[in-house]
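Chemist: The chain contents come next:
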Amino acid sequence: MRGGRQLASLVLVAALLLAVAPRPARAHDAPQRAGAARLLSTHPSLGVIGRAPRFTLGDPEGRPVSLTDFAGRIVLLAFIYTSCPSACPLVTQRMAVLQRRLTAAGLFPSRVNFVSVTVDPDRDTTETLARYAKGFGADPRGWKFLRDASDALRPMLAAWDEWTKPLPAGEIDHPARLYLIDGAGRVREIYSLSLFDERQAFLDIRALLVQPGP
Amino acid sequence: MRRRTLSLALLAVIATASVAVAEVCLSPYVKRLAAPEKYLYVYSVDADAKDNDFLAVIDVNLASPGYGRVINTVDLGSAGNEPHHMGFTDDRTKIWAGTLLSKRLFILEVAADPAKPRIVKTIDDVSALTGFHGPHTYYALPGRMLLTFLSSADGAPPGGLAEFTNDGQLIRVFKNPDNAPYAYDVAVKPEINRMITSSFTPLRNYMKPLAQWDMKDGGNTMLVWDFKERKVIQTLVTDPVPLEVRWSLKPGATHGWTNSALGDSIWFFAQTKAGSFTAKKAADLGKGCLPADLRQSPDDRYLYVSCFMRSEIQAWDVSRPDRPRLHDTVVPGVSPNMMHVTMDGKRMYVTNSLLSTMDYSGNFWVRLVHIGPDGRLKMDPFFDVDFTKLPTGPARAHDMLLY
Numbered sequence: 001m002r003g004g005r006q007l008a009s010l011v012l013v014a015a016l017l018l019a020v021a022p023r024p025a026r027a028h029d030a031p032q033r034a035g036a037a038r039l040l041s042t043h044p045s046l047g048v049i050g051r052a053p054r055f056t057l058g059d060p061e062g063r064p065v066s067l068t069d070f071a072g073r074i075v076l077l078a079f080i081y082t083s084c085p086s087a088c089p090l091v092t093q094r095m096a097v098l099q100r101r102l103t104a105a106g107l108f109p110s111r112v113n114f115v116s117v118t119v120d121p122d123r124d125t126t127e128t129l130a131r132y133a134k135g136f137g138a139d140p141r142g143w144k145f146l147r148d149a150s151d152a153l154r155p156m157l158a159a160w161d162e163w164t165k166p167l168p169a170g171e172i173d174h175p176a177r178l179y180l181i182d183g184a185g186r187v188r189e190i191y192s193l194s195l196f197d198e199r200q201a202f203l204d205i206r207a208l209l210v211q212p213g214p
Numbered sequence: 215m216r217r218r219t220l221s222l223a224l225l226a227v228i229a230t231a232s233v234a235v236a237e238v239c240l241s242p243y244v245k246r247l248a249a250p251e252k253y254l255y256v257y258s259v260d261a262d263a264k265d266n267d268f269l270a271v272i273d274v275n276l277a278s279p280g281y282g283r284v285i286n287t288v289d290l291g292s293a294g295n296e297p298h299h300m301g302f303t304d305d306r307t308k309i310w311a312g313t314l315l316s317k318r319l320f321i322l323e324v325a326a327d328p329a330k331p332r333i334v335k336t337i338d339d340v341s342a343l344t345g346f347h348g349p350h351t352y353y354a355l356p357g358r359m360l361l362t363f364l365s366s367a368d369g370a371p372p373g374g375l376a377e378f379t380n381d382g383q384l385i386r387v388f389k390n391p392d393n394a395p396y397a398y399d400v401a402v403k404p405e406i407n408r409m410i411t412s413s414f415t416p417l418r419n420y421m422k423p424l425a426q427w428d429m430k431d432g433g434n435t436m437l438v439w440d441f442k443e444r445k446v447i448q449t450l451v452t453d454p455v456p457l458e459v460r461w462s463l464k465p466g467a468t469h470g471w472t473n474s475a476l477g478d479s480i481w482f483f484a485q486t487k488a489g490s491f492t493a494k495k496a497a498d499l500g501k502g503c504l505p506a507d508l509r510q511s512p513d514d515r516y517l518y519v520s521c522f523m524r525s526e527i528q529a530w531d532v533s534r535p536d537r538p539r540l541h542d543t544v545v546p547g548v549s550p551n552m553m554h555v556t557m558d559g560k561r562m563y564v565t566n567s568l569l570s571t572m573d574y575s576g577n578f579w580v581r582l583v584h585i586g587p588d589g590r591l592k593m594d595p596f597f598d599v600d601f602t603k604l605p606t607g608p609a610r611a612h613d614m615l616l617y
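Protein chains in written order, with the numbering used here: chain A, 1 to 214; chain B, 215 to 617.
Same shape as in the complex, but just chain B (with noise of 0.2 Å):
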């Protein structure tokens, strides 16, 4: 009986200690770090689009001699395609990774050496096999990848969803609805059942220069899926372009947030008792924000938001989950964007490109903000990956994963 309580107790403490340390920002599915990260991959754009994108290897290996640089970098093999995001499938062997402006696909094996990923397969035509444009984000389910797209193939709406197999085969896509045509955005919630989509704008919008956009054209909708289903089961309306997706962390929960670019506000979402989510705005997060990115810490404690526009990152306190509090903010340098959290919550490495054709500085970096345990925000300052003088020139940083 002693030994039966014993083991309970062992087992709850490692349940409560998974949820404090583990990655966040990355589908359920997708299988988690056992040590701290060695390697960061940043997906980076050659800036004048002369030579061709690629994706760069950063060590970030403390131990390591070549700590804080480019030790690698692989060829995408081609110029102007606007890389973005990717992610990584649910055995973390593979990356996929996808362009904005071409219709170019890449999967890059990263197990055998995460120092030398390599492609090994290239979609060219994306568009033709799935009838979408703009795959943005890359979230793994149990042997697959569904993908987001931002637009139909003409590069107007609608968006939608695509399945594939882990080794690039199509399986399936799903178109969004007349009313929410919009598309960004997906997080799966299994134990609820649940998926939750985002609304940003499509090809046809956001190739042009930012001065040129037509900012009625893009979602204020967010989508709740029967996840089994496949199945919008309800529209939630928010403030204009809400695009991260992202589930509470904590064990049973039912909420979560998104970050709305265009109303500079933090959005929170709920499922009600009855089962129906309901979605209100929690925190402002000050005029011209623009908040490019929304992450996690691992303890579900913080939210962090990268202001594109106003140059810092806020830290939120979610104690109270439908009450941000603004905790801390820290200046990273111009534009920050993309950040990724480690699975400690120590660390977060920022980038500061969004898109070509919304950057306002040419000056692109990879850096690192220290989170104390007091959530506090603090640059490194040493760790400074300058992007602007690489071998082939200036390239903008975007999406980062890590290995």
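Looking at chain A on its own, in the form it has when it is part of the complex (with noise of 0.2 Å):
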């Protein structure tokens, strides 16, 4: 019940931060909001910036997910842990709202998934992965929120160059990015954690499926 409440205030803090104007980018701020006059593209340059590392991991039920498993579909990849006080809700918050996007444009989950990951999964075990994912309404079709323990994750993590750094206060420095991966397994854009805007990512998506690239 607390676990639900503290969610609840992160997910209200998380949409407040939302309005909040924008400001120069820390390492693992929270999103900065665009102003109404941001300009979007439709037709984005998605160069391939390399092959998609593999990986296999657990998914909050225990089942091994590998990112083979979503050959052909795009995926939005992002690392984040539960009790980050700020970007990675502010992130899960903002990729709730492109699923809801996607799904009602008929894309979700049957073209584009997602796969959140843990960087601390020593407290984020498989009840508050999924108690994490049911808060910001993740649709178990095609959301995924995968760990594994540390030695296992490690080399994950090192593939992606990601890393993490323990900070006081039981915070995790992490790099703060977002990987967009084409259907044939290739990175073809990174997102600031602090940059990201929702609306973009969903006209990448776009330009992804109608133009899947080289």
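Rather than coming from a laboratory, the hints here were simulated on the basis of the structure. As the structure is a prediction and not an experimental result, all values here were calculated from the model. Just so you know, not all the hints are guaranteed correct.
Beta-carbon label-pair distances, calculated as ranges [unchecked claim]:
no., chain 1, residue 1, chain 2, residue 2, range
1, B, Ala370, A, Gln211, 30 to 40 Å
2, A, Asp122, B, Ile333, 31 to 41 Å
3, B, Asp338, A, Ala158, 20 to 30 Å
4, B, Asp338, A, Leu167, 36 to 46 Å
5, A, Gln211, B, Asp598, 49 to 59 Å
6, B, Asn266, A, Ser110, 38 to 48 Å
7, B, Lys592, A, Ala169, 35 to 45 Å
8, A, Val210, B, Ile447, 13 to 23 Å
9, B, Phe596, A, Gly213, 52 to 62 Å
10, B, Arg537, A, Thr42, 29 to 39 Å
11, A, Pro214, B, Ile333, 51 to 61 Å
12, B, Tyr574, A, Pro214, 42 to 52 Å
No residue lacks a Cβ here, since even glycine has one placed at the ideal position from N, Cα and C.
Make the complex out of the two chains shown on their own, each in a separate frame, by following the hints.
Modeler: Here you go:
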């Protein structure tokens, strides 16, 4: 019950923060809400950044989930942890907004899926992750919250150029990125958590569906 | 309800405060320092090109017994490279550092022990990889680095842009257009999906002593790009050789400034309501200034200009962004060049080498300017790192980064 109340508070704070003015980005800052004048691109140039490193991790039910399971579908991959006070709940909130939009467009979960990987498996138990996912309205048919034991997770994080550094008060510093992976398993865009705009991500996904690329 | 109001008020305070205390003149994607700086990295050219070039680490932790001294140097393993600029990756774990006369590019790891950076990768021939020569600006994008190049591989225009993964794999390149082939700096304004690049001169010119330069072999354009499309959408004409691109730091602002090196002027650029950009001359810096660098205060109140030829630093009040007003000047020593303002806006480190082919003094140093709450500039009488008496002899100190 207490966890549920905390999560509700997080979601509320996330919603409030989404409304504040933009400010300079920090490592693990809250995403900025761009003003109404933000210019979005309907024809983004999404070069092939590289092959997405493969992984197999566990979902909240303990079932193994591999990146290759999503072959043919576009994947948005985020690295989060549930006790993160600002950036992670905010970006998860934005992913939830994007999920609704993609669902309305008939693209989720059939053509686009989300994966959120915890970088804090010691505290993020399967139960914690499941509660977190439910709190944000994640559709389990197409949005997986994954974890693995620290030792097993470390090589996966390294392959994705992710690292973790414990901070005082239980926070974890880590590269604040989301990855957009095309149906052929290639990274086509990397977003900063602090400047992530789900409206542009929607346009990027649509562009990849229309023109899958080389 | 009261709790919600309090939360919003607190968030507003946090948002406002972070504007006034933030590192400036870095890509918005770079992780910001959470505490005052402890180390100053100075990218350095061995002055007579007989010893290897290096990255110097200066202790700038006020509480340290080593304060104000070079505590380490990272040997680049070769001489005559002309180390010039460098930049952090988005997560601030690596520094990308290139060269203007050789084709080498170095990636250094700094997070494990910031006092002891180490080279983790050397790209020996960046020209073979990209088709360009002379990487200048190292601009972090999420998980990637965006580099400007001053020339094509043959040393002539066009220059352009190249994107790499953080560990040095080339992703793609973009050549400057035929009608604006010169390149120099880049800065992105993600909020409005715009990127601006500026223009200098290519290798075939800057490799010669200054007296032999063809002053017409340089750019007078800034290019406005659709950032997501990586496509040039507008060309702005300025005085000759617009160098640094500095977007305003104010939330929602869509204007900025550049320094024209040969026009001795500051130019103001801004987005119109229709979405296009305009550029106009906003300040005359005085004949013979040769503004080599342009920096900002974290509160967006001042611009700092280094007059390389007149040996002074000028502070311009940009409370009215399109009408800068000269606020103060200071003389840090001969030929000030690169400046680096701290996150609190109270200190500015200064070096005084521009290019081996342009330097007119053999007296090289790193010095410190204090910036008062009234925006006045004052030299620190004690912080003076002499770069003429290093174990390998004199070295030209150029670009700086803080950790």
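Chemist: Decide, hint by hint, whether the structure agrees.
Modeler: Structure-based check of each hint:
no.	hint	verdict
1	Ala370/B to Gln211/A: 30 to 40 Å	holds, 34 Å
2	Asp122/A to Ile333/B: 31 to 41 Å	holds, 34 Å
3	Asp338/B to Ala158/A: 20 to 30 Å	holds, 26 Å
4	Asp338/B to Leu167/A: 36 to 46 Å	holds, 38 Å
5	Gln211/A to Asp598/B: 49 to 59 Å	holds, 58 Å
6	Asn266/B to Ser110/A: 38 to 48 Å	violated, 58 Å
7	Lys592/B to Ala169/A: 35 to 45 Å	holds, 38 Å
8	Val210/A to Ile447/B: 13 to 23 Å	holds, 22 Å
9	Phe596/B to Gly213/A: 52 to 62 Å	holds, 57 Å
10	Arg537/B to Thr42/A: 29 to 39 Å	holds, 37 Å
11	Pro214/A to Ile333/B: 51 to 61 Å	violated, 33 Å
12	Tyr574/B to Pro214/A: 42 to 52 Å	holds, 50 Å
Figure legend: structure checked against the earlier numbered hints; hints not met, in rising order: 6, 11.
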